[in-house]
Amino acid sequence: MAPVGPRSGDAIFSSIDRVNAELFMLTYGAIVRQLLTDLEEVEEVNKQLDQMGYNIGIRLIDEFLAKSGVSRCVDFKETAEMIAKVGFKMFLGVTASVSSWEADGTCCSIILEDNPLVDFVELPDTCQGLYYCNVLSGVIRGALEMVSMKTEVTWTRDVLRGDDAYELQVKLLKQVAEEYPYKDDE
Amino acid sequence: MVREVAESCVDTMLMEMVAMYSGRFYANKPELAARRIEAIGYQVGHQLSERYTMERPRFSDHLEAIKFICKDFWSEVFKKQIDNLKTNHRGTFVLQDNKFRWLSRVSIDPSPEKETEDPLSTPGESKAAQAVSMYLYFPCGIIRGVLSNLGIPCAVSADISSLPTCSFVIRVKA
Amino acid sequence: MIVCVAVVGHQNNPLYIQSFTEADDALKLHHIVHCSLDVIDERVNNPKKSGTTLNEAFLGLLYPTLNYKVYGYLTNTKVKFIMVTTDLDVRDTDVRSFFRKFHAAYVDAVSNPFHVPGKKITSRTFAESVTNIVRSYTFN
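Protein chains in written order, with the working numbering: chain A, 1 to 186; chain B, 1 to 174; chain C, 1 to 140.
Same shape as in the complex, but just chain A:
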């Protein structure tokens, strides 16, 4: 069956169950702070936030595919656009943009100007090595892995560290060919 054209992120966001963003950002903040207390090493906290994001991404991809009407067989370039335009909008209510494509189309940047995770956050001097939003890079990595794209996601700009925007570099490492047989189920 031909996939129905993807719905816009705005349309999905306005139709799904939403909650107050304060609960979301304060809960995330409390988790980060508790991890810093329990793990002590900032590096280890970065790792756990990424791991948490990865697990969340694995769960959210199904909801993303179901609600967006996006077909699975898109190339990496289209996928990156989908994450930025539809994914960020339908889950976080913000839009992101894609830029800085490498010539071979395997590496790009996703730029967020607005980020609901950080509304009240000011990093203390003691955790300058912290990638506060590391959960987001984990989510992207986890979600893409479920659609057969192995990626490496790293922060290249971070407002909390003094930059002017949030920028993630997404690098496609390996694309596993999609197994077609179970397409029939859709």
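Worth flagging that the hints you see were computed from the coordinates, not collected in a lab. Do not rely on the hints blindly, as some may be mistaken.
As the list claims (entries may be wrong) - Footprint (simulated), chain B over chain A, 3 or more residues, beta carbon under 8 angstroms:
id	segment
1	32-38
2	81-94
3	102-111
Since this is a predicted model, take the numbers as computed values, not measurements. Glycine included, C-beta positions come from ideal geometry on N, C-alpha and C.
Take the given structure of chain A and dock chains B and C to it, following the hints.
Quick look at chains B and C alone, frame taken from chain A:
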């Protein structure tokens, strides 16, 4: 305009937070995992109470503060009010939510054995029930954080013996 | 003009204090703030004596001195906000609106996940917004 995010963002984040503490960090020390999860809730409650009481006059007694949790606070967080409030007038309050959102939305364990949800029937709680109670330390921490910031030190526990109803028992410390 | 503002925790622990004068009178202003804490406790414990509505956050004029007027505000979470001004002809509605903005800035500051409750507020964002709020109010 009030900023919002998809509810599934909060749901999945909470699930992963619980999985991280009770599964990865303290798999064999549930009481330590519980304490951390409660502490995370406490911080959230403490901060939310500061925000949500901003526009209101000061509460004159404990009951007024508890009613604030039942009505305004619950509505902000869960888009519904607490269904029933009981008190013994000696510092114990029971807040009953007939369909606690975080339990109805969260699939802790897909195991279909409904009867294991009755804690009385199984002396060694099932894994699912254990996961649910671990999860409930978060809202218990939130409530304790709210009340403590309002100057009411207390202990909070949850009772899920008749799901999907969830009762939060608040014992105010003298 | 507002010459001093302060935020004080529920155990009368100072959370933030800032004076806005060129003159070397910080010590005097701190003393005024300190004295006002007792006035607030007195007001709250004997609500009938005060002119303000029962349990309203805004406590009104705490006391006038020769050169200053001192106003107070007490939140549900027992945090005290104090403002000292040299303006003598001040409307209550303006002071109320000042405290509401001051309070909102405080709530954002303590919503930072790294803020430790009861500890001094060191946030630069908070200091900046308080300065902006103070500058935007001249009561005369």
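Hint by hint, here is what the structure shows:
1. Coverage of the segment 32-38 of chain A by chain B holds. Counting CB-CB distances below 8 angstroms, 3 residues qualify, and the rule asks for three or more.
2. Judged by the Cβ-Cβ criterion of 8 angstroms, the segment 81-94 of chain A is covered by chain B as claimed, because 4 of its residues qualify and three suffice.
3. For the segment 102-111 of chain A, the assignment as covered by chain B is violated, since 0 residues bring a beta-carbon within under 8 angstroms of that chain's beta-carbons and 3 are needed.
In summary, the structure is inconsistent with hint 3 from the numbered list given earlier, while agreeing with all the others.
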